[in-house]
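2 protein chains.
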Amino acid sequence: MTCAATALLTDFYQLTMGHAYFKLGMSETATFELFVRKLPGSRRFLLAAGLEQALTYLEQWRFGSEELEFLARLGDFDEPFLDRLARLRFTGDVYAMAEGTAFYANEPILRITAPILEAQLLESRLLNIVHFQTLIASKAARCVLAARGRRLVDFGLRRAHEAEAGLYAARAAYLAGFHATATVEAGRRFGIPLSGTLAHSFIEAHDREDVAFCNFVESQRGTTSLLVDTYDTERAAHRVANLAHELAKRADPRRIEAVRIDSGDLAAQARIVRGVLDEHGCRDIRIVLSGGLDEHAIEELLAAGAPVDAFGVGTSLDVSADAPALDMVYKLQAYSGSPRRKRSPGKATWPGVKQVFRRRGAGREALGDEIALQGEDPGGEPLLEQVMSQGRRLAAPVPLAGIREGCSRELRSLPADARQLAEGGASYPVRMSEALCALAAQVDALTP
Amino acid sequence: MTCAATALLTDFYQLTMGHAYFKLGMSETATFELFVRKLPGSRRFLLAAGLEQALTYLEQWRFGSEELEFLARLGDFDEPFLDRLARLRFTGDVYAMAEGTAFYANEPILRITAPILEAQLLESRLLNIVHFQTLIASKAARCVLAARGRRLVDFGLRRAHEAEAGLYAARAAYLAGFHATATVEAGRRFGIPLSGTLAHSFIEAHDREDVAFCNFVESQRGTTSLLVDTYDTERAAHRVANLAHELAKRADPRRIEAVRIDSGDLAAQARIVRGVLDEHGCRDIRIVLSGGLDEHAIEELLAAGAPVDAFGVGTSLDVSADAPALDMVYKLQAYSGSPRRKRSPGKATWPGVKQVFRRRGAGREALGDEIALQGEDPGGEPLLEQVMSQGRRLAAPVPLAGIREGCSRELRSLPADARQLAEGGASYPVRMSEALCALAAQVDALTP
Chain A
1 MTCAATALLT DFYQLTMGHA YFKLGMSETA TFELFVRKLP GSRRFLLAAG
51 LEQALTYLEQ WRFGSEELEF LARLGDFDEP FLDRLARLRF TGDVYAMAEG
101 TAFYANEPIL RITAPILEAQ LLESRLLNIV HFQTLIASKA ARCVLAARGR
151 RLVDFGLRRA HEAEAGLYAA RAAYLAGFHA TATVEAGRRF GIPLSGTLAH
201 SFIEAHDRED VAFCNFVESQ RGTTSLLVDT YDTERAAHRV ANLAHELAKR
251 ADPRRIEAVR IDSGDLAAQA RIVRGVLDEH GCRDIRIVLS GGLDEHAIEE
301 LLAAGAPVDA FGVGTSLDVS ADAPALDMVY KLQAYSGSPR RKRSPGKATW
351 PGVKQVFRRR GAGREALGDE IALQGEDPGG EPLLEQVMSQ GRRLAAPVPL
401 AGIREGCSRE LRSLPADARQ LAEGGASYPV RMSEALCALA AQVDALTP
Chain W
1001 MTCAATALLT DFYQLTMGHA YFKLGMSETA TFELFVRKLP GSRRFLLAAG
1051 LEQALTYLEQ WRFGSEELEF LARLGDFDEP FLDRLARLRF TGDVYAMAEG
1101 TAFYANEPIL RITAPILEAQ LLESRLLNIV HFQTLIASKA ARCVLAARGR
1151 RLVDFGLRRA HEAEAGLYAA RAAYLAGFHA TATVEAGRRF GIPLSGTLAH
1201 SFIEAHDRED VAFCNFVESQ RGTTSLLVDT YDTERAAHRV ANLAHELAKR
1251 ADPRRIEAVR IDSGDLAAQA RIVRGVLDEH GCRDIRIVLS GGLDEHAIEE
1301 LLAAGAPVDA FGVGTSLDVS ADAPALDMVY KLQAYSGSPR RKRSPGKATW
1351 PGVKQVFRRR GAGREALGDE IALQGEDPGG EPLLEQVMSQ GRRLAAPVPL
1401 AGIREGCSRE LRSLPADARQ LAEGGASYPV RMSEALCALA AQVDALTP
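Order-wise, the sequence lines are chains A and W. With this note's numbering as the guide, the letters of the first sequence map in order to residues 1 to 448. With this note's numbering as the guide, the letters of the second sequence map in order to residues 1001 to 1448.
In isolation and in its complexed conformation, chain A is listed as follows (with noise of 0.2 Å):
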């Protein structure tokens, strides 16, 4: 299945709507923001990520002939409008946070500046591909954040919502600090390192565990770990313990690197585990934990002093379970040069080209923003960069490598507040320009 090009990735409404635009001989250019309008209680801070795919989508779109042939089939649209739509291609300018960027409620993350059937046909994808990276990577970073450290890998192709969730799933976590993840797809399309063993099922086809662990070790090339609580967690642990040394002893390169419990009172089991194993005098097998986890109960079992060196986080992770939407938005800030906003009941939005700046102190530790019109200078940061001109790209593509060592970064420059998983706590300052407000003022004077 082809996902990511078509351009009937859209609403219905953003053809009608385009269709009135194109009849009416509304061609100028609009300016529409990608933002958040209010950030879940249960985050204090977002990451921008999905910007290279939204840079993707915005090269290949285009309505091919199958899905022209299907419009025309439903009888809303006039012949010269769908020959409009089949010579449609991305125009516009483009400014976006790099990704890996913090950022708060009311911040425009990217900005699209193109003739206003463009623009308007993109809203729908673009939300969703921004909204789903950026929503990943901001629960990914809670979870880095309570790991302290440790090794963390993603788990949760299995109910990711559907396939590509999981895949950009994968590499928003990885963007965020993650180490790996144990989608194969993800590691070859992104070059995410890989990571995985064996499950239950495996111990499970074998009449006997201890059996089972053997013929594991002994299947593999490399290191492998071994999962510990099918029956049994203690005993398992001495058997894995008895195997290490049956390998030592014949001198076989192939080593027990880990075990992993997946079920119980996983501090306790861990506790038990690594007594086991350091009785043994096998110190060097590690732990990895895994099992509904995500970033509350990562920081209670490292505050509990679980002997634990990675874990594994699958669902919480890949669907945000606490916060599996946000508050995403694609708005109309100005048409024809004219600002525009809509002032619905807690919806109003801030009219105008906008530019976002972030103070920072000595050691680069972010102080606060302020959301200003494009052209002033607050001082600060600015945020945003041109990305595309004219509908072509102005930089090749940043390595995720690269963006995951900025985000590193940013995740240091983050104020200790910020750090926090608690919910509520005080919140990050972002103002808006004295230019801004008197420019909203203005602008719903104007407005009947």
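Hints are computed from structural coordinates only; laboratory data are not their basis. Every value quoted in this text rests on a predicted model; they were computed, and no experiment measured them. Among the hints, erroneous ones may be present.
As the list claims (entries may be wrong) - Here are the computed distance ranges between Cβ atoms for each label pair: (1) A:L394 x W:E1028: 51 to 61 Å; (2) W:A1086 x A:S408: 37 to 47 Å; (3) A:E234 x W:G1041: 25 to 35 Å; (4) A:G305 x W:D1076: 28 to 38 Å; (5) W:R1073 x A:L302: 29 to 39 Å; (6) W:L1024 x A:P193: 39 to 49 Å; (7) W:V1430 x A:C437: 24 to 34 Å; (8) W:R1073 x A:R254: 16 to 26 Å; (9) W:E1376 x A:R254: 41 to 51 Å; (10) W:L1446 x A:S427: 55 to 65 Å; (11) W:R1235 x A:G25: 42 to 52 Å.
To be verified - Some chain A residues near chain W, calculated using beta-carbon distances under 7 Å: (12) T6; (13) F202; (14) D229; (15) Y335.
To be verified - Only some residues are given here: those of chain A computed to face chain W with a beta carbon under 7 Å: (16) D11; (17) F12; (18) L127; (19) F132; (20) H161; (21) G196; (22) V319; (23) K342; (24) P345.
Where a beta carbon is used, it is the ideal one built from N, C-alpha and C, also for glycine.
Could you slot chain W onto chain A? The hints should help.
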């Protein structure tokens, strides 16, 4: 991007286990069953969905040459194993519940019997496919029950977890009783009716709201809906009524079919708008509500007597916001003819190859289920039917409209208690057969 068919949509440990099975000569037949361990507190039943896509995946499943080259580069796998993967096709038997069937905890909805290498490698993507549509169909069914016959439209693409999720959410929602989707590609791909007219940006791109309304109606071919909450909803309702009179006066064939309210106190706004429209004699213009709706909001709006004809449901549907994942698993139940189970704390499974029997009352209402071993006949309707034999489908795919009708019957057959939206309450009776309980004890006695 091709999402659906690649065999690398799997977890790395499936391949390391597969490698081990291959090298150990473990090629016997295994039976895996896919089921949900425990329903979320906010679900009283689940609806099986995604079977059609799961079967297509099984039919198309293979390792392509680029994928095999990637695996070879990893260095973890022997060449004979990679050769085996190159020739691998699905050759197993599949039993499944029909899409749209209600089911409960521990009931297998899909059962795969195949050589263990095949059945193991398929785990991750089968779960990924069946989990997502089951998740969304189950959420959508609650909206359908809440809406009491009113029209429901899926608006969720923009915040679905990537495009594939948007498309399959549209399918799952339609299957469960939604009437239409806004996602154009879902209309093309699955034949789902499309719905949608205009967004706030169209209004804002005009200097005057009344001109925007008039322009929009005149640029469309047929009936239209207008969005009335951009600036002042009551005033907009007057403008819609005036425009409707204008159209009638000049005998324009175009008609305003509905207005949509997307923000504020929806019940209060709907009453005001209904009042204005009725006062102007526009009783045939319907009211569509949207904006953060879920089944509870729908139930409350109807309980409050809000004059509403249709609902647009977006984010909460497409991400199943209150329960964004199900505890769905795929577990080895038998290998080489022997029943198997794991006993991990809180995650123990029921061994053996199973069937689910549903007892029904005189009016077809479901009275209770029994999970029994295949071959038992405790009475009632067996819910798992064979759908594939030796890798081939036994019947052509069921058209989506037919599945939707069957699902509608299924929802009518739910006991009154299961149709409630509130958390908790008495649960639907599901028992394990005596033979199954005896088998579990027997397997435990044998497993070391």
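Can you name, in rising order, the numbers of the hints this structure does not satisfy? 6, 7 and 11
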